[in-house]
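Residue numbers (the numbering used here), protein chains in the order written: chain A, 143 to 406; chain B, 880 to 1175.
Hint data in this document are derived by calculation from the structure and do not stem from the laboratory. Ideal Cβ positions, reconstructed from N, Cα and C, are used throughout, including at glycine. Careful, some of the hints might be misleading.
To be verified - Between beta-carbon pairs, the in silico distance windows are:
| id | chain 1 | residue 1 | chain 2 | residue 2 | range |
| --- | --- | --- | --- | --- | --- |
| 1 | A | Ala271 | B | Val935 | 48 to 54 Å |
| 2 | A | Gly191 | B | Arg1085 | 55 to 61 Å |
| 3 | B | Gly900 | A | Ile393 | 42 to 48 Å |
| 4 | A | Ser159 | B | Phe995 | 18 to 24 Å |
| 5 | A | Lys275 | B | Arg888 | 34 to 40 Å |
| 6 | A | Ser396 | B | Gly1080 | 43 to 49 Å |
| 7 | B | Gln955 | A | Ile392 | 36 to 42 Å |
| 8 | B | Leu1157 | A | Val173 | 35 to 41 Å |
| 9 | A | Ala248 | B | Thr969 | 28 to 34 Å |
| 10 | A | Ala299 | B | Leu1079 | 19 to 25 Å |
| 11 | B | Phe995 | A | Pro150 | 27 to 33 Å |
| 12 | A | Ala177 | B | Ser930 | 39 to 45 Å |
| 13 | A | Ile392 | B | Arg1071 | 22 to 28 Å |
Unchecked claim - Not the full set, but computed from the structure, chain B residues with beta-carbon under 7 Å of chain A:
| id | residue |
| --- | --- |
| 14 | Met903 |
| 15 | Gln909 |
| 16 | Thr1003 |
| 17 | Val1007 |
| 18 | Phe1136 |
| 19 | Val1151 |
| 20 | Leu1152 |
What follows is the residue order along each chain.
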Amino acid sequence: MKVDASNPLWRFRGITSTAMFFFAYLYLPIVVLIALSFNENRLATIWTGFTTDWYLVALSNDDMLRAAQNSLVVAVSATVIATIAATLAAMGMTRGRFRGENGVSAMLVLPLLVPEIVTAIATLLFFVAIGIKLGLLTIIVAHTVFCIPFAYLPIRARLEGMDPSLAEAANDLYANEWQAFKRVTLPLLWPGILSGAMLSFIISLDDFVISYFVGGAGATTLPIYIFGMIRIGITPEVNAISAMMLLVSIIFVSVSFLIDRIRY
Amino acid sequence: MGNILRSKRFWLIAPAVVYIGFFMAIPLVQMAYVSILERGDYGGVNWGAFSFNAYVNFIFERDLMDNLVVNTDYIQIFLRSFGLSAMTMTFALLLGFPTAFYISTQPQGRRNLLIFLVTIPFWTNILVRNYAWMLLLRNGGLLDSLLNWAGMETGGLDILYTPYAVSIGLTYTYLPFMVLPIYASLEKLDHRLVEAAFDLGADKRRAMTRVILPLAAPGIAAGCILVVIPCLGAYVTPELLGGGKFMMIANLIGSQFGAARNWPFGAGLGFVLLAIVLISMMVYSLKFKSLPEEKI
């Protein structure tokens, strides 16, 4: 819709105020959490002064750091495998239509359709049935599954928007298929690949439910660690760790969004 | 078949599809199979021993005399989940439609920024988002202090760990899924149709109910599905904001793999939840010729 917003006909009662309320509702908890992570007071939500001490406490907590390290290992592994598989699949899917295409498309986005809890227990049952020991490896395998569609969709979108005559021109100029891919397609595609990879990374880093069920007792990722802490109680240290997680996610998504807007 | 194996396209697509097939499609089929197996004596399952106990247990339990009697505990959890999801959908629609409309009437650059702001919370950790609401809603929390400061003697708000808190948290968590598809519909809407309605003497209410809302219907339906489905499967919000006292379907499923150790029952519940999701997707795609996800 392209409308002249200054035209009074387009002003419906309550629209602007509801939208303002919406954004306040969406961002109030985030702002409050970040503000309270700098609050000196140990107990309540009463502001008694600014401090960065809770961040220092959090960052010198060895259990938390080990959990964060596990999360990084999982997210990096899942992202690398998922992004490679997704890039190949996206290139295969954009070469015109074929029989069974709808089925293949549905399979590629299946992980987005199935409720998380169902994925979690089905995967858990599967690993138990084939006798794999639960741990970081099983978490990586399960994360790769739901990272594939998150990497696939932006890469596919970028390929769809690409002019096919560019690769054809490379072929006309005697580039073989590999050269055409490396010199023409890849340089045009990398923003899509990078953007997809960053989204996979963040979705893996943030995942709680699936890790919680397929991780077993030994493998604690950062969200599992945070869940344990929240269950014990609200502390300034949890505020600081949570605020850090929030900022990492927001930075990653913003960068991914900016990369995706790079022109062809 | 030989042709397919020789085609380059097959080898490009195969890794991703085989990976998802092996680690997701097969586990889902296996889950349905486990749901008709016998429960193991010490947890786990007796592979090869069939039983429909998982589905019978949902409605009946055995009393001391070994008679089947109706047990409404699980039905209550299902009804609560449906009720909370419907409530969440309503709140999300009441907030989401006006917001999507507002965004769609803004200039292009501003629109992209606002849509980006709508999506950011989706990418942040769900535990953290719900934890933030614990800080706001608990007794002595921000909302409580604010009300007391404004002169209302709340004496402790007592809202955290109630269904209200769960509902607020669910709405917060799934709100972006309502705005995005509605915005996508409104963005494609031809504004001249609305202007034509005005020219033909429609007042604002009529232009809204007779022109804008019907044209936005696919987006509204997609938004409702995309909010209700993850709501039905919500695990974290009832756990944190409900304090584990107000179980929803996902918590019931999860508990079968923890303390209750009844895997076939958990698998059966998971299968029912999956069936609900797939059926609503199918109904949507038959009516609107696309999947609700494609609207985002």
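Does the CB of Leu1152 (chain B) sit less than 7 Å away from some CB of chain A? 6 Å, holds
Within 36 to 42 Å or not, the Cβ separation of Gln955 (chain B) and Ile392 (chain A)? Since Gln955 (chain B) and Ile392 (chain A) have Cβ atoms about 39 Å apart, the given range 36 to 42 Å holds.
35 to 41 Å was suggested as the range; check whether the CB atoms of Leu1157 (chain B) and Val173 (chain A) agree with it. Hint holds: Cβ distance 39 Å, inside 35 to 41 Å.
Is 28 to 34 Å respected by the C-beta to C-beta distance linking Ala248 (chain A) and Thr969 (chain B)? 30 Å, holds
How about Thr1003 (chain B): closest beta carbon in chain A under 7 Å, or not? Status holds, d = 4 Å.
Look at the Cβ atoms of Ala299 (chain A) and Leu1079 (chain B) and judge whether their distance stays inside 19 to 25 Å. Given range 19 to 25 Å: violated, Cβ gap about 39 Å.
If I claimed the Cβ atoms of Ser159 (chain A) and Phe995 (chain B) lie 18 to 24 Å apart, would that claim hold in this structure? 22 Å, holds
Interface hint compliance - Val1007 (chain B) to chain A, C-beta minimum distance less than 7 Å: 4 Å, holds
So, Met903 (chain B) near chain A? Judge it on the closest CB pair being under 7 Å. Where the cut-off is 7 Å and the nearest Cβ of chain A is about 5 Å from Met903 (chain B), the hint holds.
Do the beta carbons of Ala271 (chain A) and Val935 (chain B) sit within 48 to 54 Å of each other? At roughly 23 Å between Cβ atoms, Val935 (chain B) and Ala271 (chain A) fall outside 48 to 54 Å, so the hint is violated.
Is it true that Ile392 (chain A) and Arg1071 (chain B) lie within 22 to 28 Å of each other by Cβ? 39 Å Cβ-Cβ, so the 22 to 28 Å window is violated.
Does the Cβ pair Phe995 (chain B), Pro150 (chain A) satisfy 27 to 33 Å? With a Cβ separation near 28 Å, Phe995 (chain B) and Pro150 (chain A) satisfy 27 to 33 Å, so the hint holds.
Checked against the numbered hints given earlier, the structure breaks hints 1, 3, 10, 12, 13 and 19 and satisfies all the rest.
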